[in-house]
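Under the working numbering, residue 312 is the last one in the sequence shown; the count climbs by one each step, no gaps.
FYI, nobody ran anything at the bench for these hints, they're computed from the structure. Treat the numbers as computed from the prediction; the structure is a model and nothing was measured. You may find that some hints are simply not true.
As the list claims (entries may be wrong) - No farther apart than 30 Å at their CA atoms in a straight line, the calculated lysine-lysine pairs in the DSS-like style are these:
1. Lys44 / Lys216
2. Lys44 / Lys242
3. Lys184 / Lys70
4. Lys130 / Lys255
5. Lys223 / Lys255
6. Lys53 / Lys130
7. Lys68 / Lys36
8. Lys255 / Lys179
9. Lys204 / Lys255
10. Lys283 / Lys184
11. Lys68 / Lys53
12. Lys216 / Lys114
13. Lys223 / Lys36
14. Lys179 / Lys204
15. Lys179 / Lys130
16. Lys36 / Lys204
17. Lys36 / Lys58
18. Lys53 / Lys70
19. Lys44 / Lys55
20. Lys114 / Lys204
21. Lys114 / Lys36
22. Lys223 / Lys58
23. Lys254 / Lys179
24. Lys254 / Lys58
25. Lys184 / Lys130
26. Lys242 / Lys53
27. Lys114 / Lys130
28. Lys255 / Lys242
29. Lys68 / Lys55
30. Lys254 / Lys204
31. Lys223 / Lys130
32. Lys179 / Lys216
33. Lys44 / Lys254
34. Lys55 / Lys70
35. Lys254 / Lys114
36. Lys44 / Lys68
37. Lys53 / Lys204
38. Lys223 / Lys179
39. Lys114 / Lys179
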Amino acid sequence: MNKQNFAVLDIGSNSFHIMTANSPDGRVFNVIDREKAVLRLASKDRFGRPIIKEKDIKAAVRLIRLFKSKAEENNASIKAVATSAVREAINREEFIGRVASDTGVEIDVITWQKEAGYIYRAIRHFLHFKDHRILCVDVGGGSSEFITGSGDTPDYAVSLRMGAVRFTREFMPDLVTRKGSVAKAYYYSLGMIEAIRDNILANKYETAIFSSGSAKSVLTMAKGMGIVAAGSYSFSYENLLKVYDLVINTEDLKKRATIPGLEPRRADVVAAGVIILRAIFEKLEVRRAFFSEYALREGVLLELIQPTGIKL
1 MNKQNFAVLD
11 IGSNSFHIMT
21 ANSPDGRVFN
31 VIDREKAVLR
41 LASKDRFGRP
51 IIKEKDIKAA
61 VRLIRLFKSK
71 AEENNASIKA
81 VATSAVREAI
91 NREEFIGRVA
101 SDTGVEIDVI
111 TWQKEAGYIY
121 RAIRHFLHFK
131 DHRILCVDVG
141 GGSSEFITGS
151 GDTPDYAVSL
161 RMGAVRFTRE
171 FMPDLVTRKG
181 SVAKAYYYSL
191 GMIEAIRDNI
201 LANKYETAIF
211 SSGSAKSVLT
221 MAKGMGIVAA
231 GSYSFSYENL
241 LKVYDLVINT
251 EDLKKRATIP
261 GLEPRRADVV
271 AAGVIILRAI
281 FEKLEVRRAF
291 FSEYALREGV
301 LLELIQPTGI
311 KL
């Protein structure tokens, strides 16, 4: 890996992100380029098993070739990491092999523990809470990570198979926010979080910090509604409920895509995202959440720049 230029490719359940950066001093980094492409790898076969479909493997290969080319233009080689969609796929070895043979990019399918460690490091770096006891929550496409801690090493971490893409597929496959579907997703979320609630609350966190697409969408929609200031990096439970009501009551997908502050390509998964976030706020007694722009890929980048040996 080049000593100063780095490229991190994050292969998620919902999208592919690449970030290219340099580090002039080995401690901080400057972002040169960012790019995102929506590609949902998480599918099921006819037996209900998680699989990456052939058309998606081909699309992934095309994307990774493109991203690799862009990274090389910046004199950076790629560190590629994959999370729950690839982790769980029954044909993950085929996918990894095809990508390697067709693009030359080796994918590191990271454990949820390593994923949580990267996220925790990135969030602490972004928000500088020092010795505050923090709760970090990353609601992704296929899973959600919960991490508590006050220093460089987390005290507790857990991953739940609860994500915006997964819950859209399971509870709202037609992308319509019917009352029955919404209620099922909400109560299912509450049940999952109940299993980790005592462990989280026992750590007596002082500040809650959320990352990734669902939380970012809530913040930007709250700004679009005029209930959160333009420069703010936090939103309250009351803000979340107002966004939740707007999203859930906008049953039509095309209308949902026009909600101010919402990235249109997230319109199909945003309902599941706000349902999960509401359940998390209520079960874990979150009154206000800060949003971190840094998450998994920034954590991977920080580890490349200054290795610590992520452990949980």
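For each hint, the structure was consulted:
1. For the hint linking Lys44 to Lys216, the alpha-carbon distance of about 27 Å falls within 30 Å, and the restraint holds.
2. Our distance criterion of 30 Å between C-alpha atoms is broken by Lys44 and Lys242, whose separation comes to about 34 Å.
3. The straight-line distance between the Cα atoms of Lys184 and Lys70 is roughly 43 Å, outside the 30 Å bound, and the hint therefore fails.
4. Proximity of Lys130 to Lys255 is assessed by CA-CA distance (about 42 Å); at most 30 Å being required, the pair is judged violated.
5. In summary, the hint linking Lys223 to Lys255 is supported, as the alpha carbons are separated by about 18 Å, within the 30 Å threshold.
6. Between Lys53 and Lys130, the direct Cα distance comes to roughly 44 Å. Violation of the 30 Å bound is thereby established for this hinted pair.
7. A C-alpha spacing of about 13 Å is found between Lys68 and Lys36, which places the hinted pair at or below 30 Å, so the restraint holds.
8. Restraint check: the Cα-Cα separation between Lys255 and Lys179 comes to about 17 Å, which is no more than 30 Å; the hinted pair holds.
9. Distance hint between Lys204 and Lys255 is unfulfilled; the C-alpha atoms sit about 41 Å from each other, more than 30 Å.
10. Proximity of Lys283 to Lys184 is assessed by CA-CA distance (about 16 Å); at most 30 Å being required, the pair is judged to hold.
11. Distance restraint check for Lys68 and Lys53: the Cα-Cα separation of roughly 22 Å lies within the 30 Å cut-off, and the hinted pair is therefore satisfied.
12. Between Lys216 and Lys114, the direct Cα distance comes to roughly 23 Å. Compliance with the 30 Å bound is thereby established for this hinted pair.
13. About 22 Å separates the Cα atoms of Lys223 and Lys36, which keeps this hinted pair within 30 Å; it holds.
14. Of the supplied pair hints, the one linking Lys179 and Lys204 is violated, its CA atoms being roughly 34 Å apart against a limit of 30 Å.
15. Restraint check for Lys179 and Lys130: not satisfied, since their Cα atoms lie roughly 43 Å apart, outside the 30 Å limit.
16. At roughly 36 Å between alpha-carbon atoms, Lys36 and Lys204 are farther apart than 30 Å, so this suggested pair is violated.
17. This hinted pair checks out: Lys36 and Lys58 have alpha carbons roughly 17 Å apart, not beyond 30 Å.
18. Only pairs whose Cα atoms come within 30 Å are accepted, and Lys53 paired with Lys70 is accepted, the gap being roughly 26 Å.
19. Proximity of Lys44 to Lys55 is assessed by CA-CA distance (about 13 Å); at most 30 Å being required, the pair is judged to hold.
20. Restraint check for Lys114 and Lys204: satisfied, since their Cα atoms lie roughly 23 Å apart, inside the 30 Å limit.
21. About 22 Å separates the Cα atoms of Lys114 and Lys36, which keeps this hinted pair within 30 Å; it holds.
22. The suggested pairing of Lys223 with Lys58 is violated, with an alpha-carbon distance near 38 Å, which exceeds 30 Å.
23. Restraint check: the Cα-Cα separation between Lys254 and Lys179 comes to about 18 Å, which is no more than 30 Å; the hinted pair holds.
24. Restraint check: the Cα-Cα separation between Lys254 and Lys58 comes to about 28 Å, which is no more than 30 Å; the hinted pair holds.
25. Pair hint Lys184 plus Lys130 does not hold up; C-alpha atoms about 39 Å apart against a cutoff of 30 Å.
26. Distance hint between Lys242 and Lys53 is unfulfilled; the C-alpha atoms sit about 37 Å from each other, more than 30 Å.
27. Our distance criterion of 30 Å between C-alpha atoms is met by Lys114 and Lys130, whose separation comes to about 21 Å.
28. For the given pair, Lys255 sits about 17 Å from Lys242 by alpha-carbon distance, which is consistent with the 30 Å threshold.
29. A distance of roughly 20 Å separates the Cα atoms of Lys68 and Lys55; the hinted pair therefore holds under the 30 Å criterion.
30. Restraint check for Lys254 and Lys204: the C-alpha separation of about 42 Å exceeds 30 Å, so the hint is violated.
31. With a C-alpha separation of about 28 Å, the suggested pairing of Lys223 with Lys130 holds against the 30 Å cut-off.
32. For the proposed pair Lys179 and Lys216, the alpha carbon gap of about 24 Å is at most 30 Å, so the pair holds.
33. Taking the CA atoms of Lys44 and Lys254, the gap is about 26 Å. The hint holds against a cut of 30 Å.
34. Note on Lys55 and Lys70: the hinted pairing holds, with a Cα-Cα distance of about 23 Å set against a maximum of 30 Å.
35. At roughly 37 Å between alpha-carbon atoms, Lys254 and Lys114 are farther apart than 30 Å, so this suggested pair is violated.
36. Distance check on the hinted pair: Lys44 and Lys68 sit about 28 Å apart at the alpha-carbon level, within 30 Å; holds.
37. The hinted pair formed by Lys53 and Lys204 fails the criterion: a straight-line CA distance of about 43 Å is larger than 30 Å.
38. With a C-alpha separation of about 26 Å, the suggested pair Lys223 and Lys179 falls inside the 30 Å cut-off, and the hint holds.
39. A distance of roughly 37 Å separates the Cα atoms of Lys114 and Lys179; the hinted pair therefore is violated under the 30 Å criterion.
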